[in-house]
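> As given, the protein sequences belong to chains A, B and C, one line each in that order. Position one of the first sequence corresponds to residue 5 (my numbering), numbered consecutively onward. Position one of the second sequence corresponds to residue 2 (my numbering), numbered consecutively onward. Position one of the third sequence corresponds to residue 838 (my numbering), numbered consecutively onward.
Simulated from the structure, these hints should not be mistaken for lab results. The structure displayed is predicted, hence computed values, not measured ones. Where hints are given, some of them may not hold.
[Unchecked claim] Derived PhoX-like pairs: lysine-lysine, alpha-carbon spacing no greater than 20 Å straight-line: (1) LYS80(A) with LYS843(C); (2) LYS136(A) with LYS4(B); (3) LYS267(A) with LYS255(A); (4) LYS34(A) with LYS187(A); (5) LYS98(B) with LYS176(B); (6) LYS136(A) with LYS255(B).
Next come the chains, spelled out residue by residue.
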Amino acid sequence: MSDPYILFQNVSKSFGPLTVIKDLDLAIDKGEFVSLLGPSGSGKTTILMMLAGFENPTSGAVIVGGQHVERLPPHKRNMGVVFQSYALFPHMTVAENVAFPLNMRGIAKADSAARVQRALDMVQLGAYKERKPSQLSGGQQQRVALARALVFEPAVVLMDEPLGALDKQLREQMQLDIRELHKRLGLTIVFVTHDQSEALTMSDRIAVFNHGKIEQIGRPSEIYERPGTRFVAEFIGETNLVEGVIGTVAKDRTTIALKHGGKLVVETRPGLVEGAPASVSIRPERIHFDHTAERENDFPGTVLDRVYHGDHVRVVLDTPDHRFIIKSDHRMGVLDEGDKVSASFTPNACWVVG
Amino acid sequence: MFKASRIIFGLLVVVFLMAPLLVILPLGFTDSIFLNYPMPGFSLRWFRELFTADSWRRAIINSLIVGTGTTILATVLGTLAALGLRDRLLPFSGFFKTAFLLPMVVPAVVLGVGMQLLFVRLGVAYTYPGVIIAHTVLAIPFVVVNVSAALDGIDRRVERAAASLGAPPATVFWKVTLPLAIPGVLSGAVFAFATSLDEVVLTLFVAGPNQRTLARQMFSTIRENISPAIASAAFLFIVGTIILALFTLYVRAKAQKSARRG
Amino acid sequence: MSAGGKYRRHVAAALMLMPLVIFLGLFFVWPIVSMLSEAVSDPVVVKTLPSTTEAARRWDHASPAVPIMGQALVDDIRATTDDQAMGDVVRRLNSAKSGFRTLMMKTLSAARGSTGPLDLTTVDPRWQDNGYWEAIAAASGSRYTDRNLLAALDYTRNPQGQIEALPPSASNNADIFKRTFVISGLVTLMCIAIGYPFAMLAASVTGWKRQLLLGAVLLPLWTSLLVRTAAWIILLQDQGLINSLLQALHLTSGPLPLLFNRMGVVIAMTHVLLPFMVLPIFSVLIGIPGNLMPAAQSLGASKLRAFWHVLLPLSLRGVASGALLVFMSAIGYYITPALVGGPRDQMISAVIAFYSLNTANWGMAGALGIILLAATLALYAVYHRLTNDRPVKV
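Please model the entire structure based on the sequences and the hints provided.
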């Protein structure tokens, strides 16, 4: 395997007494789409700003394309940045905005005009060249910002919550568009977001940040189904975290003893040690009410609450061992508050966190 | 009842505020030698007086000279300082920001006494540069305030975007920061000119007979022998003010429009 | 930014700030400092009569002074070629002890008309009176004096150096300060009385009505002070529109005296300063959520009580900043009282201008200026505190 294109080595960043990033190692391959996901203040934007050159690491190395860039000023980095709220130049037309990076690179007028046209066509805004940014809708401004960041064919495109200001429908459309551009142009994209579903749908890999450290990095399905830490399990989607102590570890199955006498059966995986405390994550949509033999886990309880969501019903089931949240597509009119039912799920639905 | 009294009160105050301005305008066109109603007839004699009588003509020219000098000096100094104060990079930035407003606060007469003393000693009293300097001191706060407000209104990310797209710092300044701050600079300049045009007190202290400005000339005319030439001069002042105000509003509206986001 | 970039940006910021700092240092701070030092400095005797100053130090203030200081004074007079400086000395000494003018004139011509030793007691027997020498010794005792500052407050030092009040006939600065504060206070009260309800009205309406009300406030603000003052003269004069109207309505039989008196000053200054009251109150009022008054009323408060308990306390900050702004500006006013007031309505600025422009007494002008400046800056400090806690936008 070739060397990673972007490499953070042991990077720390402090603002005065405040350490925002601590001993970060991160490698991103050429052509990869990596999301930096985390709550606000987790340091993800700081990493993007260090990559773009607006912040310098306090210590450690940032290497892009085999070159140390820690002290390289932003305008020499050749990275396309798409900012939160777009940061279009309000005093320039759409075409002038997109031509700006080409002018900075001394590209000839005719060539530049052609490339601006191509970039705008790519984002379906070829007809809006002479407009001012204020005359465009939010989604159109967003696409201009994208065209501007791509027109000079940068090595890397950095996006700082670029879709945060758009409404839900437009945001989903733009997610698809960006994804499509990424595939078509083979771009390397680093994408900062605090929206987990956005990260899940768009990325090749997700790095989940908390308190300036990477909690877990991996493919979206890994992050969702096999969260490495409690934080990841709770931050990505909704989950039931059940606390217990690891009992017997057999070849296929491991049992976890719960506080109130119940037990969970999970799939055995390396690293499970008998007698160690464990948090088990069970996604709400993996729990069912009708019991079958292969669902080795079965927790009878009382329905506390039941909320209709259209595509599913969200049920809160109180059992002696845990208060389960269950997403059921089971539209039983019969299920009601106070009903006695069982929550059942397979060992495969359980994931021992960490 | 309550509502009616509110309307009446509002109208009375509006009349109180506007009446003086409305009353003086027509008198600029009287053909009487008295500044009084009813006007016996209509004439442009007082405007002619304004542009032909030596003292008035001289005063108008002096006001234009001093106003232009003040506008240039105050705009350059104030804009530079506002740029330097941006982001509060330097220690005591907050102190300077407050200190730059003080010329608006210190009573004009106090400043006038001090300037007269010092300017005589420095040899700039009773000269054009002396008057321009004095007016500039008073005009500075308006420029600093206006330019600072315009700079505060610039989204930092726009400048970062320019840098990320390959613009070195100087280019970012010339191509992005300055064009976006221009409306603030312009309204600062307008305020500076208006300040100079209307300044009397410092002019009394530091200007000699050769630098007698329009405002100074109006002051002595009102004081010594008031004539309808005052109303004609007032007419010019008010029309000039309206033009300047409209210009400022236009520039601001334009800037606001281009700064507004979809 | 890179570390070098950060440093460069600091240097650039300092370089851009520097010209204005230097400019204001030279032409704003220095003039004020000059005025301050002029108010307390008294160097003319020390400078013009150096030998006499030297001799005065050796004098015991009891024995006859002529043998010790007499010849020194004669030498100093002969050495001085600067008539203006000598004139200043004479004026300075005469203000300390009357009679000095004639005495010095006599002495000057005697000293200049002769050479060699000269017995001053033969020139004028008054030189035998140690009181005159006492005055010279006092004037040459220090380069600084509190004489002007004391006089600005109607005090002086008696020959024993104690502070005592000047006789009422000699000075009326205290009266003028009192008058300044009374007129400014009246103007401030008028501005509150008109400005507060007007700001409430402007905040309670929307659309063109609000534009009209605010426009009426802003337009005078943009209009030349001189134009507005001239306009008030036209309105208030004996044959002016207001008097004509009153007589036409048979409310008065003859013209009311509205101009060149206290009434005219207060009316014209209220007009000038009203915007500074309306705008801060307005900006506070529109920041108050519009549903608070209905909420208070729904909770059982009458309209008046709702105003008293909700709106008034919330808007007081605006009233306070407006009042400070108006009062602070008013005490320094010069032009309006000078043009529409009578002699008994001149405020402290007019006195300062008189000393400075008409009598070239910069010491007194400076001393009065210090007091006005201190009052203004104190008010501004309070205003600054008040508005910077939570800014009131004007």
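> Given the hint that LYS34(A) pairs with LYS187(A), does the C-alpha gap stay at or below 20 Å?
holds, 12 Å
> Quickly compare the C-alpha distance for LYS267(A) and LYS255(A) to 20 Å and report which way the hint goes.
Between LYS267(A) and LYS255(A) the Cα gap is close to 17 Å, so the pair holds against 20 Å.
> Given the hinted pair LYS136(A) and LYS4(B), is their alpha-carbon gap at most 20 Å?
Between LYS136(A) and LYS4(B) the Cα gap is close to 46 Å, so the pair fails against 20 Å, i.e. violated.
> Hint check: LYS136(A) vs LYS255(B), CA-CA at most 20 Å. Holds or violated?
Within the cut-off at roughly 12 Å; holds.
> Starting from LYS80(A), check that the Cα of LYS843(C) is at most 20 Å away, please.
At roughly 16 Å apart (the allowed maximum being 20 Å), LYS843(C) and LYS80(A) satisfy the hint.
> Within a Cα-Cα threshold of 20 Å, do LYS98(B) and LYS176(B) meet the stated pairing?
Violated, at about 26 Å.
Checked against the numbered hints given earlier, this structure breaks hints 2, 5; the rest are met.
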